[in-house]
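> Chain by chain, the residues:
2 protein chains.
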Amino acid sequence: MQLDLLLFASGAAPIFSPQHLLATAEIPVTTVSSADALWLWIAFAIGIVALIGALLFARSVIGSDSGTAAMQEIAAAIREGAEAFLARQYKAIGWMAVILAVVLYAGYRAYPPTAAMALKVVFSFLVGAACSGISGFMGMFVSIRANLRTAAAARTSLSAALRLALHGGAVTGLIVVGLALLGISTLFLLFGGLQNPQTVPYQLVGFGFGASLVALFAQLGGGIYTKAADVGADLVGKVEAGIPEDDPRNPAVIADLVGDNVGDCAGRGADIFESSAAESVGAMILGATLYPVLGVKGILFPLIVHAINIVASMIGIGVVRSKDGEDPMHALNRGFYATSFLALAGFALAVHFLLQDRWWLLAAGAVGIATSFLFVSITEYYTETRFRPVRSIAEACVTGPATNIITGLAVGMETPTLPVIVISGALLLSYYFGVLGLQDATGITQYARGIFGTAIATMGMLSSAAYILAMDTFGPITDNAGGIAEMSNQPHEVRDRTDRLDAAGNTTKALTKGYAIGSASLAAFLLFSAYLETVHDIVRHRVEAAGFTLPPGWSFSSVNLANVPVFVGALLGAMLTYLFSSMAIRAVGRAAEMVIQDVRAQFKENPGIMDGTSRPDYGRCVHIVTGAALKEMILPGALAVLMPVTIGILFRHLSARFHLVSSSDLPTSMAHIVNLSGAESVAAFLMVGTISGILLAMLMNNGGGAWDNAKKLIESGMYGGKGSDAHKAAVVGDTVGDPFKDTAGPSLHVLIKLLATVTLVLAPLFV
Amino acid sequence: MQLDLLLFASGAAPIFSPQHLLATAEIPVTTVSSADALWLWIAFAIGIVALIGALLFARSVIGSDSGTAAMQEIAAAIREGAEAFLARQYKAIGWMAVILAVVLYAGYRAYPPTAAMALKVVFSFLVGAACSGISGFMGMFVSIRANLRTAAAARTSLSAALRLALHGGAVTGLIVVGLALLGISTLFLLFGGLQNPQTVPYQLVGFGFGASLVALFAQLGGGIYTKAADVGADLVGKVEAGIPEDDPRNPAVIADLVGDNVGDCAGRGADIFESSAAESVGAMILGATLYPVLGVKGILFPLIVHAINIVASMIGIGVVRSKDGEDPMHALNRGFYATSFLALAGFALAVHFLLQDRWWLLAAGAVGIATSFLFVSITEYYTETRFRPVRSIAEACVTGPATNIITGLAVGMETPTLPVIVISGALLLSYYFGVLGLQDATGITQYARGIFGTAIATMGMLSSAAYILAMDTFGPITDNAGGIAEMSNQPHEVRDRTDRLDAAGNTTKALTKGYAIGSASLAAFLLFSAYLETVHDIVRHRVEAAGFTLPPGWSFSSVNLANVPVFVGALLGAMLTYLFSSMAIRAVGRAAEMVIQDVRAQFKENPGIMDGTSRPDYGRCVHIVTGAALKEMILPGALAVLMPVTIGILFRHLSARFHLVSSSDLPTSMAHIVNLSGAESVAAFLMVGTISGILLAMLMNNGGGAWDNAKKLIESGMYGGKGSDAHKAAVVGDTVGDPFKDTAGPSLHVLIKLLATVTLVLAPLFV
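Protein chains in written order, with my numbering: chain A, 36 to 802; chain B, 36 to 802.
The hints are simulated quantities; they were obtained by calculation from the structure and are not laboratory data. Any given hint might turn out to be false.
As the list makes no split between identical chains, a pair holds if one copy fits it or if it spans any two.
[Claimed, not checked] Taking lysine to aspartate or glutamate pairs in the DMTMM-like style, the calculated list, with each CA pair at most 20 Å apart, reads:
#1 Lys757 with Asp100
#2 Lys747 with Glu280
#3 Lys273 with Asp760
#4 Lys358 with Asp534
#5 Lys763 with Glu275
#6 Lys747 with Asp531
#7 Lys639 with Glu118
#8 Lys273 with Glu750
#9 Lys757 with Glu275
#10 Lys666 with Asp359
Because the structure is a prediction, the values reported are computed rather than measured.
Please build the complete structure, drawing on both the sequences and the hints.
This is the structure in structure tokens:
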């Protein structure tokens, strides 16, 4: 086996074998019964089914009619650009992953009892990063081919094009969830989960970290790329040269279309992969704490939920059929309802088979599913042209750009209100249901019961992730299809069809962002708890290694904001989200500046471009924006990784030096072994950073989306329509909203989760 | 005495007399020695000195030359408008205060052991509200007279005008700090502080709440007024009618000048009054916990710091003299340095006489003084035209309003970085110095020592408050002087002088906002601790009333974010700051809309206005914006007061019903007496709301200031100067920044402190 080779090569094989684990395990070894192991095999099998399903969808999409030569030429240029970007981006991310792997290994080796874990964590980190990379790559591989086929299918019927685009999206959805499931199950098996189910979940934390690292850079790099190309193309094309959007004379037009793929498609794919991965590992850690009650089934439950997700989503995608003349959103929504309903049914079965008919836990799962519905509805309310918020922004455009911006920001600042109330309700309810569902579980604290309830709700929310992701990838595919139709001068009715699909794609992209931030908020709690649990586990190891035993009832479950260093950690966490957003937004500005300069230079060097007699050099623009986006993603990305690490290590030293105390400090006799003040500050950093990040992300996603649609509303003829002063004001708002909703906002989702996984993985360094 | 009459009328005199307190006091009564009492009398005396000083400054200002008849006519219109607004505003606030007093009384009466306190809290609430109202009124009384005299003095020399404007500002500064000092000392005396110094500080919490309630409405109402008038006057005057700023033909021009007074002058006065009041009471409560070590001197220390503040600021104001040709900011800065130096010297004396030569505590005070310097410098960096941030915004104006807004928001989001680092360092250092300074204090926890250090730092920061406030009020006075000079057609050199003063005034206003948010951040911790201490005190009362005693070492000092209801409280706190800002910004938009409609109507009804043959009806515009601002302040103000109350009471019930646990819960035997989950959720609501509010306020204050000065930079001739496209883009940014920096941002400062005082006062309802 490859793993054995790797371990052998590193000379570490003996420490790493299951035999070793068995010999040092502190918890009595409880080999998993073959009946229970069956569930792991089922998860494994459904993971493979997902990949096969993705393959079939991909074959059917790629086998479809690929349109005219003109269409193919444009699609080839997009494909080339996207592949070149991804190749360079993955190279950069790969180097960072290797460096981090070394740091991680060294960090873990420096802390004695975890030397054996070092390799496992590093290995799972690399596997997580690789899986995330593969799912981003595969998803994009299909979507940059599906765009062309969707444009071609639009020549015959709307329904055919809709199905093609959704099937293209389904590839991403299935690969992402399938790889998360397969990756975790494989590592669980390899690390000896069937022999030692209670400790192995703690060893999987590297997987989530690898996934979020790739996700952060994928989203950040892609987000900067897409908006730099978009803003650059618009400012120099529409404003300076006066040519329409997607006009083939604009040298940045291909870069703009490439951007949709690398930003929305690869970026969000990595985002959801990361959610599925990190939140499953977190839930498995919490499941491990309930081992005395639920056995190994409690640990495997999150994997089975993903299996349900895959089956439900495949059926959901299969049922989507649009009647001609119908709004494509209706068809997509029907699929979502079907998926959610099937997921709920599957959840009920899983509760029956795995959670001993604890129906209150099904109620907690239903809370999660309801939360995803509510988030999608709230996002619709704030970003669709039918409702008050977008209408009020459009109206404010009449008095100029300033009032448009003020109204948009006011709407943006209002948007967190309802989602926060929903999340608060969901957390409290699922906590309560958790307590009720595990009421008979003796030896388990009320707190652990409640937290497991919130974990189940998170699983419920994620149980339609594959479908949501398919809908999301539908966005860039239809956007590209529209661009291809436009650039290849398709007849009016074809462009009308692609426009309608594109409008639906814009909506699905906004909804997915709402869903992603919702799942991040709900999952935040699960990840905090996993962090606290991990610190607790480390403390137990260290104390026992020093020949002591933990006092009964002691737990590291306190993050006391009334402590100065903890409060300072919280303050810094919130500050990071602002600084990170600021950097991401500036990065777009700088990269866009380079696009503008190149386009101006091309117009100047080659006057034939504007006459339509000679073709612009699309590749040069793609190359420039690729380099700029990759350069710009480094600084904010590094900040996101380094700041929690620095704070954790700094505060550990500070707390020793400044005699700071933690509310969880051990009794005096053991106080010399571990100092918890650093770990507690990091927890506050993580939690308040998460709260601040959730609110800022909502402000930016929904504010940006509302500005975009206010512009569309005016373009549809309101307040003077296209070309009016109100329209000019609306364009200003839309441009401001672009880096908000497509760069900073989505990157913040990932930042939040990266903070959770980086602290989870590096916890041993903070204690 | 009036107090006796009041108590007699309410039939409560017997419970309220010092004799009663003596009879029920749980802590052995330790009458203050006459040597110690002397310090209270010194504080008292210096409070009176401040008022006399204010009177003298006011007399000298009002006695100065009051200019030409044309100037007087304009000034009279401003005076009338400002007084009319204040009268109506105070009436509205008065009613709310009365209603809240009744609610407060009822709330306190419902919780048995605090029935005797109910009257005291309500009484001190009303005194606090009244003092805050009086200081706002008196400050404005002088500044709406000083504006005219400053304009008149500008006809002779810059230096004379500068001194006049600063002396006008000094009246506000001295009255605000003097009344805070007098109010607290008087209440302390009346409530029997000399007989029972340890319990009386807890009874003063109503004073801070009264002050912050008035401050919130004063700042919110004034902020909405000033920006509605400004934006309205600009949009319809400059943009639609094409007349310059401050043109007498604009019917909204007087309303605009009134706005500067009611927004900047009365609003910020109430803000700083509130800081001085609430933070002194908080520090006295913490001083009370150190009674065994420091005696009554520790409790009186905050009052002596204010006395130092008054003396140092009076001298500082006295030394300000500007050489002709010099930048007025240099002269003002010299005064600030002198004040800070004197305050530090005074602090050293106070440490010697009151804190037993604990020099580490002087170091903590020095940290506070250094923090105020750093905050002022950072604000300068972000808002002055000399530095990169404003220059980058001005440069972005070249590519249009969208890039201007994007860059401004990116700068705004960057601005919290350095201040947060400074605050973090200040908190950690002063905590450490507190621990060192009180190392020999036996029987006091390390935590209490450290927290006292942070309280001393806050006192240090506030020890130049009177001077800072004088500089701040300098702003609206010089702004108005410029308007009066402009409207009365003064010769060029006069207007040049007032312009230079006005520019300095813009800077001082920005710096004061930086100072105010800095002191709010540093004080936040002090107020949290006071809240925790108050809850602890309530629990002790209830437990003892039920015949139990608290377990040794138990303390309510935990705000555990890892608890679901606590986390939900935190999430809701952060959400409130966004929703509040959204409401405040929208309120400006709606009120401005009414101004625009009236101005349009006046131009239509009376065509003579534009010809200059007939005068517009300034009063009508003033009347309209007064009504609109007062109406619009109700909803966000009510939200700020009601949300913490609702959450506290709701979570208390929820926690009982949902079996939620708090990490500070009492042992099972006493658990039925109090449930702490509600109080803990409120604490998290307060703390995370404060963090989020601080960051949002910095974003808005500095972002808004930077946009404003980027416009000024372009107007000075860069990037094409006035009338260029870059200038038009800059005007958009400035307009967006207006409600940010003058309505929502400053209101957030007050909101943060209101949250602290409302939770402090209503703590008995949450337990």
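> Are the CA atoms of Lys639 and Glu118 at most 20 Å apart within a copy, between copies, both, or neither?
Classified as neither; 29 Å inside a copy, 63 Å across copies.
> Using 20 Å as the alpha-carbon threshold, which applies to Lys273 and Glu750: within, between, both, or neither?
Intra 15 Å, inter 28 Å, cutoff 20 Å: intra-copy only.
> Evaluate Lys273 and Asp760 at a C-alpha cut-off of 20 Å and name the case that applies: within, between, both or neither.
Both: 16 Å inside a copy, 17 Å across copies.
> Since the copies are identical, ignore which copy is meant and state whether Lys757 and Asp100 lie within 20 Å (CA to CA) inside a copy, between copies, both or neither.
neither (35 Å within a copy, 58 Å between copies)
> Is it within, between, both or neither when you check Lys358 against Asp534 at 20 Å Cα-Cα?
Intra 17 Å, inter 68 Å, cutoff 20 Å: intra-copy only.
> When no copy is specified for Lys747 and Asp531, does a C-alpha distance of 20 Å or less occur within a copy, between copies, both, or neither?
For Lys747 and Asp531, only the intra-copy Cα distance (15 Å) is at most 20 Å; the inter-copy one is 47 Å.
> Check Lys747 against Glu280 for me: Cα-Cα at most 20 Å, and say if that holds within a copy, between copies, both or neither.
For Lys747 and Glu280, the Cα distance is within 20 Å only inside one copy (14 Å; across copies 35 Å).
> Within a copy, between copies, both or neither: which one fits Lys757 and Glu275 at a CA-CA cutoff of 20 Å?
within (17 Å within a copy, 22 Å between copies)
> Within, between, both or neither: how does the pair Lys763, Glu275 come out at a Cα-Cα threshold of 20 Å?
both (14 Å within a copy, 17 Å between copies)
> With 20 Å as the alpha-carbon cut-off, assign the pair Lys666 and Asp359 to within, between, both or neither.
neither (46 Å within a copy, 51 Å between copies)
The structure does not agree with the numbered hints 1, 7 and 10 stated previously, though it agrees with the rest.
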